[in-house]
Amino acid sequence: MITRRISISAPIILAVYVLQESVINQFHFPGGGFSLFSILALIWAVLSRPEIAALCGFFAGLLMDFSQSSGGPIGQWSLIMIAACYAISYFGSGNESLASNPLGVTFLVTIVFFLAELTYVASGALLGVQMGEISQTAITLIGMSLWTLAVTPLSLPVFSRLHGLAFDKRSAI
Amino acid sequence: MRKGSEGRNRLLLITLVITALFLITLDLRGVGLLNGARQGTQTILTPFQRAGNVVVAPFKNFLSDITHLGRSRAQIERLRADNAKLEVQLLNRANADAQLIQLKSILNLAGTAGYKIVNARVISQGSSQSFSQVITIDAGTTAGIKTNMTVISQSGLTGVVKEAYSNSATIMLASDPTFRIGVRIAGSQQIGILSGRGNRSASLQLLDNQTSVKVGDILLSRGSVSNRPFVPGVPVGYVTAIDNSAGAIAQSATVHLYTDFSILGVVAVVIAAPVINPGDALVPAKPQPTPVPTVTIYVTPSPTPTN
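Chains as they are written, first to last, in the numbering used here: chain W, 1 to 173; chain D, 1001 to 1307.
Treat the hints loosely; a few may be bogus.
What the hints assert, rightly or not - Under 10 Å between C-beta atoms, here's a sample of chain W residues computed to sit facing chain D:
(1) G32
(2) G61
(3) P73
(4) I142
(5) F167
To be verified - Stretch by stretch, here's where chain W covers chain D in the computed footprint (C-beta under 8 Å, at least three residues):
(6) 1145-1152
(7) 1198-1210
Unchecked claim - Over the 10 Å line for every Cβ pair with chain D, so calculated as not near, a few chain W residues:
(8) I74
(9) L79
(10) I82
(11) L127
(12) R161
Simulated from the structure, these hints should not be mistaken for laboratory data.
Ideal placement from N, C-alpha and C gives every residue a C-beta, glycine not left out.
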């Protein structure tokens, strides 16, 4: 069962990662744009159990660490995404009305995304990663969160169906 | 059962966190393996990124145009204005370059003869409505220019100052039909009167019926009393044709003037002539004729065939 889930999930996650790196990253959206890959990882997590979410977060974070656009040390995003995905899954599974409500998922994903980014900035500062001016960082942080708020409802039906396909769930959000 | 599952989950979580911390530590300590992993990922992604760039480019430009619509329009306007300014500058530059070449030649000419000159730019070509050949220059009496002063260009005589104002002057060109100048032939020193014809050719009337002129003879200005209106020694033109009409008292000829009046950009007004007459010092070098290759063909007749 686990092997089947992984064999279906892995190509989906990798495909979205490639899409993010080769297509979406080429656009210069105002306010920093959005990370479809992060959104996928968080949606995947919110629909999964906490341990699966943590595992998903680890591998998603590892791929984000491998990205050329990542300025921090390898493992930084992994650590943050483990915490973010575990937390989102924990809150989601603890509150069924939130996890099954598209609006609730959207807000949850946006908030967790914002906190994850904030943690990345804070931990990056501690690790000596150059982040640029505070005002610019703040604008990017807010801009990306707003983009996440806009893109999550659009991508949620697709990712939810894919998650249902991988985890053999009949119902999808 | 549930306890065991929770324990496994906790163990998994702890393992993942420790792994992440381990990776951070390794990376901060500069372990090459991790850098290699990042490079490897990028190597794998590069073809996808290239393909993505090709596919995305039109949309990217479109999106960029939309997001920067106001800015793009302002930028286009600014670039248009800059372009127009640069075009004018380029035009002026080309004009200035041409004028510089003319000016250098004038200075060479004036320097050789020892003329004291005032350089001026041609600011207006006179209207041909009245059939006169005049130009206006941007220097006048404040620069020391007075009426009846010789005006030269890079090639030689241009004309004479007809009217001088405070900051401009009107020049009668040597091509003007009313223009007259006393000339002498370089070398032989024969003298004559040159008259303008309205174009680049002029008429020469020799004063002495005992002398003769030949094609190619170079004419220089004779000079006037007190060097006004003409200073001596300025190249005027060269003889292109001789008029040997029967019954004429003295020989006349057609002269090609050195100055090209259609491209005058900068001229110089001679405000003082040298103490010593420059004589033939300003005679321009004769143009070197282009050698024409001569081909000699020797024909050896073959014996006539007999049947």
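Hint check results:
1. G32: 13 Å, violated
2. G61: For W:G61, the interface hint holds, since the closest Cβ of chain D sits about 7 Å away, which is under 10 Å.
3. P73: 4 Å, holds
4. I142: 17 Å, violated
5. F167: 17 Å, violated
6. 1145-1152: Our answer is that it is violated, as 0 residues pass the Cβ test (under 8 Å) against chain W, missing three.
7. 1198-1210: violated (count 0)
8. I74: 4 Å, violated
9. L79: 4 Å, violated
10. I82: 5 Å, violated
11. L127: Since the minimum Cβ distance to chain D is about 7 Å, W:L127 lies within 10 Å and the statement is violated.
12. R161: 24 Å, holds
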